[in-house]
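Novice: One-letter residues, chain by chain:
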Amino acid sequence: MFTFLGLGPLTWITFLPILGMIIILLIPSGEDDLAKAKSQNLYRWITVGVTFIQLVISIFLVLNFNLKFAGVNDPNSMQFVERANWIYLSGLPLLGNLKIQYFIGIDGISAPMVLLTTIVSFLATFASWNIKKSAKGYFSMYLLLVTGMMGVFVALDFFLFYVFWELMLLPMYFLIGIWGGANKEYAAIKFFLYTLFGSVFMLLVMIALYFAVGSFNMFDMMDFAKYSHSSILYGMGSNWRLIAFAALFVGFAIKVPSVPFHTWLPDAHVEAPTPISVILAGVLLKMGTYGMLRIAWPMFPDAVMYFQNWIAVIGLVSIVYGALCALGQFKFGKRDFKKLIAYSSVSHMGYVVLGMASMTTEGMVGAIFQMFNHGTITAMLFMIVGVIYDRAHTRGLDDFGGLANKMPVYTGIMTIAFFGAIGLPGLSGFVSEAMVFLGTFKTYPIYAMIAGSGIILGASYMLWALQKVFFGKLPERWSGPWDPTHKIYKTDDVNLVEKVALVPLVIIIIYLGINPNAMIGLMSNSVNHLIEFVKLSGQVAHL
Amino acid sequence: MTITQSYLNNLMASVGYFAPEIAIVVTFIVAILFDLMFKKSKNIAAYISIIGLIITGFILSGNIGISKSLFDGLIVVDPYSTFFKFLFLITTILIMVMSLSYKELYDNNRKVGEYYSMLVGITFGMFLLASAVNLITIYLSIEILSLSSYVLAGYTKEIRRASEASLKYVIYGSLSSGIMVYGMSLLYGATMTLDVAKINVAILSGHVELFPIIIGGLMILVGFGYKMSAVPFHYWTPDVYEGAPITITSYLSVASKAAGFAVFIRFFKDLYLLPATSDINIWNTISNFHWQTIVAVLSVLTMTVGNFVALWQENVKRLLAYSSIAHAGYILMAVVVMTNVGITSILLYFVFYMIMNLGAFFVAQLFANKIGSDDLKDYIGLGYRSPVLAVLMTVFLISLTGLPPTAGFIGKFYIFTAVLDKGFVWLAVIGVLNSVVSLFYYAKIFRNMFLRSVADDTKNNFKFSAPAFPLSIAYVLAFATILFGLYFSPILNWAENSVTMFK
Amino acid sequence: MYLTTFGIVLVFFIVGALFVAVGLFTAALVRPKNPTPEKLRTYESGEIPMGSPWIQFNNRFYIIGLAYIIFDVELVLLFPWSVVYKTLGWYSFIAMVIFLMILIIGLVYDWAKGYLEWDKPNPVIPQLNELIIHRKKVNKEN
Numbered sequence: 418m419f420t421f422l423g424l425g426p427l428t429w430i431t432f433l434p435i436l437g438m439i440i441i442l443l444i445p446s447g448e449d450d451l452a453k454a455k456s457q458n459l460y461r462w463i464t465v466g467v468t469f470i471q472l473v474i475s476i477f478l479v480l481n482f483n484l485k486f487a488g489v490n491d492p493n494s495m496q497f498v499e500r501a502n503w504i505y506l507s508g509l510p511l512l513g514n515l516k517i518q519y520f521i522g523i524d525g526i527s528a529p530m531v532l533l534t535t536i537v538s539f540l541a542t543f544a545s546w547n548i549k550k551s552a553k554g555y556f557s558m559y560l561l562l563v564t565g566m567m568g569v570f571v572a573l574d575f576f577l578f579y580v581f582w583e584l585m586l587l588p589m590y591f592l593i594g595i596w597g598g599a600n601k602e603y604a605a606i607k608f609f610l611y612t613l614f615g616s617v618f619m620l621l622v623m624i625a626l627y628f629a630v631g632s633f634n635m636f637d638m639m640d641f642a643k644y645s646h647s648s649i650l651y652g653m654g655s656n657w658r659l660i661a662f663a664a665l666f667v668g669f670a671i672k673v674p675s676v677p678f679h680t681w682l683p684d685a686h687v688e689a690p691t692p693i694s695v696i697l698a699g700v701l702l703k704m705g706t707y708g709m710l711r712i713a714w715p716m717f718p719d720a721v722m723y724f725q726n727w728i729a730v731i732g733l734v735s736i737v738y739g740a741l742c743a744l745g746q747f748k749f750g751k752r753d754f755k756k757l758i759a760y761s762s763v764s765h766m767g768y769v770v771l772g773m774a775s776m777t778t779e780g781m782v783g784a785i786f787q788m789f790n791h792g793t794i795t796a797m798l799f800m801i802v803g804v805i806y807d808r809a810h811t812r813g814l815d816d817f818g819g820l821a822n823k824m825p826v827y828t829g830i831m832t833i834a835f836f837g838a839i840g841l842p843g844l845s846g847f848v849s850e851a852m853v854f855l856g857t858f859k860t861y862p863i864y865a866m867i868a869g870s871g872i873i874l875g876a877s878y879m880l881w882a883l884q885k886v887f888f889g890k891l892p893e894r895w896s897g898p899w900d901p902t903h904k905i906y907k908t909d910d911v912n913l914v915e916k917v918a919l920v921p922l923v924i925i926i927i928y929l930g931i932n933p934n935a936m937i938g939l940m941s942n943s944v945n946h947l948i949e950f951v952k953l954s955g956q957v958a959h960l
Numbered sequence: 005m006t007i008t009q010s011y012l013n014n015l016m017a018s019v020g021y022f023a024p025e026i027a028i029v030v031t032f033i034v035a036i037l038f039d040l041m042f043k044k045s046k047n048i049a050a051y052i053s054i055i056g057l058i059i060t061g062f063i064l065s066g067n068i069g070i071s072k073s074l075f076d077g078l079i080v081v082d083p084y085s086t087f088f089k090f091l092f093l094i095t096t097i098l099i100m101v102m103s104l105s106y107k108e109l110y111d112n113n114r115k116v117g118e119y120y121s122m123l124v125g126i127t128f129g130m131f132l133l134a135s136a137v138n139l140i141t142i143y144l145s146i147e148i149l150s151l152s153s154y155v156l157a158g159y160t161k162e163i164r165r166a167s168e169a170s171l172k173y174v175i176y177g178s179l180s181s182g183i184m185v186y187g188m189s190l191l192y193g194a195t196m197t198l199d200v201a202k203i204n205v206a207i208l209s210g211h212v213e214l215f216p217i218i219i220g221g222l223m224i225l226v227g228f229g230y231k232m233s234a235v236p237f238h239y240w241t242p243d244v245y246e247g248a249p250i251t252i253t254s255y256l257s258v259a260s261k262a263a264g265f266a267v268f269i270r271f272f273k274d275l276y277l278l279p280a281t282s283d284i285n286i287w288n289t290i291s292n293f294h295w296q297t298i299v300a301v302l303s304v305l306t307m308t309v310g311n312f313v314a315l316w317q318e319n320v321k322r323l324l325a326y327s328s329i330a331h332a333g334y335i336l337m338a339v340v341v342m343t344n345v346g347i348t349s350i351l352l353y354f355v356f357y358m359i360m361n362l363g364a365f366f367v368a369q370l371f372a373n374k375i376g377s378d379d380l381k382d383y384i385g386l387g388y389r390s391p392v393l394a395v396l397m398t399v400f401l402i403s404l405t406g407l408p409p410t411a412g413f414i415g416k417f418y419i420f421t422a423v424l425d426k427g428f429v430w431l432a433v434i435g436v437l438n439s440v441v442s443l444f445y446y447a448k449i450f451r452n453m454f455l456r457s458v459a460d461d462t463k464n465n466f467k468f469s470a471p472a473f474p475l476s477i478a479y480v481l482a483f484a485t486i487l488f489g490l491y492f493s494p495i496l497n498w499a500e501n502s503v504t505m506f507k
Numbered sequence: 003m004y005l006t007t008f009g010i011v012l013v014f015f016i017v018g019a020l021f022v023a024v025g026l027f028t029a030a031l032v033r034p035k036n037p038t039p040e041k042l043r044t045y046e047s048g049e050i051p052m053g054s055p056w057i058q059f060n061n062r063f064y065i066i067g068l069a070y071i072i073f074d075v076e077l078v079l080l081f082p083w084s085v086v087y088k089t090l091g092w093y094s095f096i097a098m099v100i101f102l103m104i105l106i107i108g109l110v111y112d113w114a115k116g117y118l119e120w121d122k123p124n125p126v127i128p129q130l131n132e133l134i135i136h137r138k139k140v141n142k143e144n
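Residue numbers (our numbering), protein chains in the order written: chain R, 418 to 960; chain D, 5 to 507; chain F, 3 to 144.
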């Protein structure tokens, strides 16, 4: 183990943002304009610094990751484990022992997510460059959000997981609500209520599991021999177990979001500021599917097998319905660029759910890989929207056209992102979607065929949008430079800060398209183990 | 030895354990006398009361772990009552400290000596109530508590809404205590004893008619429900909470409610439950009457009505009043199971509820000091005018909603644990749905503070903060809210060890 | 005839009512009727009442009345105490002194606050808080 000040890398990667937040809160925001600008700059750089260190740590983690260890339900093969008693009360007269641990570690499922979180949160800092309104509040909330997200991906104690899960609600509410667009109040509270609605049921299931095994340790909860006979969750395939799984699944599906729990997402995306859309699409949605893999699947394998078909249908509906909604933007909607991408997110996350429901190695690996790819590609798409929104202050697709000549570099980057989203071979999105199809085809061949229509629909709305924005005639009002005074934007094309945010993502998308094994190798062992475990314990129940 | 002699011995043996209450009475008298003697120093009664209550706390710590019946079974000292007494003491001291910086109270050059001594008087009533095991003591202590609260609710008498609050409080209060006394007389008539434990024995003997016992219990429930502000006995709550001085509002919402719960739990546990099974599977009621169902209905009604009516409130005090009704509903959920785990969770919840609710009311008071209003619409933009206070308020509201990492989450978590422990899944589901609803109206407050802002040029846009001393108290409460959300072992331990009641 | 306990009470009521009724009736039969204005007064040998009795009493009347009642009730406790204090000794003596002290402090409080004066020396006429009036106005304007 590599420790610094007695704390392991995962603790640092999780709580470093809190440290940054405290520093930011201690720096006064300044009275006059000059001091304000100065401190604003300081906040920005602290955030960049903190997220950069996180990125370095996460790369270090991935490089030192032992690919042989599977993890999932085996605490001994988790890596970078840190474990300490948090609330430990023994010999309580009534509850017996109460044991809540600070228990963190990663395996092949969480490692890609940790990497994704650090990449996205680091790059989204650059998208936050233009935040002027109470920068102190913004960056402290931003860092708190990063801690919440990171904590969810590393926690191995259910209680800890839940605390992190809820911790990120409040900063998200304020980030959308204060720095958002016109309809921000509605979007923010809708996001808050939806997610809380899902998570309170998770709380009840968590308590029920606690009564079953007597601790909050996730591995205990996956060990069915430990279940107490008096618990309502005892006995594989019992009704209470199915209900508990359904409650858990809804809680996670709201976050994914799967149809029919998706309606908060378009609102939140449209109203959120660019960097928050990036985080939301890039990381937050993955928390839902990650939660399914980490908690719902291995803790309720019997229920997974029971509901397998329905889960696949939910994934399938999300794919097709999301894509149709995105396409419908051209016909019925306001042709809002962000809304288009939001619906495409619903569609793309549908692949993840479908892949996870397939219960095959290909499908599951594809699902996790798709989580990573969707994170990078959609983050990029939202940044791209942010770039023109900052300049033109509109996101309407109809307001643009012929930008290719005005912003050639921008057009190039955007084309790559769009093709990545469509799933063009050679880019990362293709590999993961193909694997999901392969896996699904083994289990549900018909679903795979229907899901294929999602690709076609995806291609049509993406290309349509591309055509609208970049080709055709440049509207009269954009013929001049974006910023005639040249104070903010010296050139019409993407500036340096935006390049710093976008280019690494381009590289990742292309690299993983050519060499997907770099990521697949990381997770294949864990995924195989997970599938084996779920199938085995799930089938035992149905015999 | 004569009867009087033995009675005297009992008395003298009891007085030692009664020392905390005696200390409170002495504090009360000294505070009044000093207030009369030193007319120039305005806050002398406040200082004496605070010091007196702190001394009481030290004396009370001598009673920790002691389980004893005093004064021939009029009251008992047990860990359960001692826990509540500490809760009352801390609440009262905090309220007194908060009142020192309350502008509305000190307006018009008002004399405040009685205000503080009345608070001491309420504390005395609550102390007795937590210990009472005799119908007479229960009634007397409820009356001591109520009479002082009536006066305090209307203390700022030139403010019309305060007088209105006080009057409504008196009328509703006397109605409910009248019903309660009638219920008590029924119990006495049926069993010929006022001692709660003896009534239990009498019922167990089987020679007693059960009808008056049940009707009497229901009537007494009205009196307790009034103190707990449980629906449908909650009608006074919003008006009184809105009208009373804000410090008194927060006091009533925490201490008076806790006292109501303290006596309610003890009374029903001692009177209607089979003693043999009192530890494990409770509500094996002796009369085959579904008390559990009644309390469950009460709980669901209380939290649902509290939360849903709070959704439409436009006044922060009134909103917090309805929220406190809802919280009573959450706590009642744990009464439904009546296990020791349930009672532990109630004790735990009250500690956290005290911290967060006092904090929220206190920040509302500090706002009212500056902006002269507690209307929701006047809170617009406060996040930019007074960022520190607004952030503190948000911490308390988040805790009231029950989101981690705050104390409120731990409190709710334990209540749901207790409820699920006994398999009341439906009740827990209603509970969690209610807490989702509650988010909406708590969010209204911090939405107005942060998400909306007033135009820069209006004269209402001055920036402000609070003086150092009140601010530091708010800081301490907020810190405790977060600290107990992350580390609650000592409180849990203390609560676990305090569920033992004297039998 | 078998009378229950309540039956005895009922008989008591009936007999009581009869007793009063018979007495009044007999008196009305035998007494001379000679009404003069003096005889029709409320207090035949007292002061002549002025004005209507349906007036609001001064609040102060109740305060003084309360103070009186406290000491009135105190006597109820003092009588039984005086019977047994010899057996109980100094302890009970001190206890009663404390009890009386508390009551006396209450009286002193009344005195010092001027509640025993029939006309309060410097009455403060309550006035509505200006802040509240202002708020009401603002609310109406909106």
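Source of the hints: derived by calculation from the structure; they are not laboratory data. A hint or two may mislead.
[As the list claims (entries may be wrong)] For lysine-lysine, the following PhoX-like pairs were computed, each having C-alpha atoms within a straight-line distance of at most 20 Å: (1) Lys516/R with Lys607/R; (2) Lys643/R with Lys751/R; (3) Lys885/R with Lys748/R; (4) Lys426/D with Lys107/D; (5) Lys35/F with Lys46/D; (6) Lys41/F with Lys161/D; (7) Lys467/D with Lys550/R; (8) Lys859/R with Lys952/R; (9) Lys453/R with Lys549/R; (10) Lys107/D with Lys72/D; (11) Lys161/D with Lys172/D; (12) Lys381/D with Lys426/D; (13) Lys890/R with Lys823/R; (14) Lys41/F with Lys44/D; (15) Lys44/D with Lys172/D; (16) Lys115/F with Lys115/D; (17) Lys43/D with Lys115/F; (18) Lys455/R with Lys516/R; (19) Lys553/R with Lys44/D; (20) Lys748/R with Lys823/R; (21) Lys72/D with Lys202/D; (22) Lys453/R with Lys550/R; (23) Lys751/R with Lys823/R; (24) Lys107/D with Lys453/R.
[Claimed, not checked] Estimated spans, in silico, between C-beta atoms of each pair: (25) Ile7/D with Phe101/F: 39 to 49 Å; (26) Gly466/R with Asn112/D: 33 to 43 Å; (27) Leu208/D with Val24/F: 47 to 57 Å; (28) Gly108/F with Asn112/D: 20 to 30 Å; (29) Asn912/R with Arg165/D: 22 to 32 Å.
C-beta atoms are modelled at their ideal positions from N, C-alpha and C, and glycine is treated no differently.
Novice: Does each hint hold? Answer for all of them.
Specialist: We went through each hint and held it up to the structure:
no.	hint	verdict
1	Lys516/R with Lys607/R	violated, 34 Å
2	Lys643/R with Lys751/R	violated, 55 Å
3	Lys885/R with Lys748/R	holds, 14 Å
4	Lys426/D with Lys107/D	violated, 48 Å
5	Lys35/F with Lys46/D	violated, 68 Å
6	Lys41/F with Lys161/D	violated, 48 Å
7	Lys467/D with Lys550/R	holds, 17 Å
8	Lys859/R with Lys952/R	holds, 15 Å
9	Lys453/R with Lys549/R	holds, 10 Å
10	Lys107/D with Lys72/D	violated, 44 Å
11	Lys161/D with Lys172/D	holds, 14 Å
12	Lys381/D with Lys426/D	violated, 43 Å
13	Lys890/R with Lys823/R	holds, 11 Å
14	Lys41/F with Lys44/D	violated, 59 Å
15	Lys44/D with Lys172/D	violated, 34 Å
16	Lys115/F with Lys115/D	holds, 11 Å
17	Lys43/D with Lys115/F	holds, 11 Å
18	Lys455/R with Lys516/R	violated, 47 Å
19	Lys553/R with Lys44/D	violated, 47 Å
20	Lys748/R with Lys823/R	violated, 27 Å
21	Lys72/D with Lys202/D	holds, 16 Å
22	Lys453/R with Lys550/R	holds, 11 Å
23	Lys751/R with Lys823/R	violated, 25 Å
24	Lys107/D with Lys453/R	violated, 34 Å
25	Ile7/D with Phe101/F: 39 to 49 Å	violated, 22 Å
26	Gly466/R with Asn112/D: 33 to 43 Å	violated, 55 Å
27	Leu208/D with Val24/F: 47 to 57 Å	holds, 52 Å
28	Gly108/F with Asn112/D: 20 to 30 Å	holds, 26 Å
29	Asn912/R with Arg165/D: 22 to 32 Å	violated, 59 Å
Of the hints listed earlier, those the structure fails to meet are numbers 1, 2, 4, 5, 6, 10, 12, 14, 15, 18, 19, 20, 23, 24, 25, 26, 29, in rising order.
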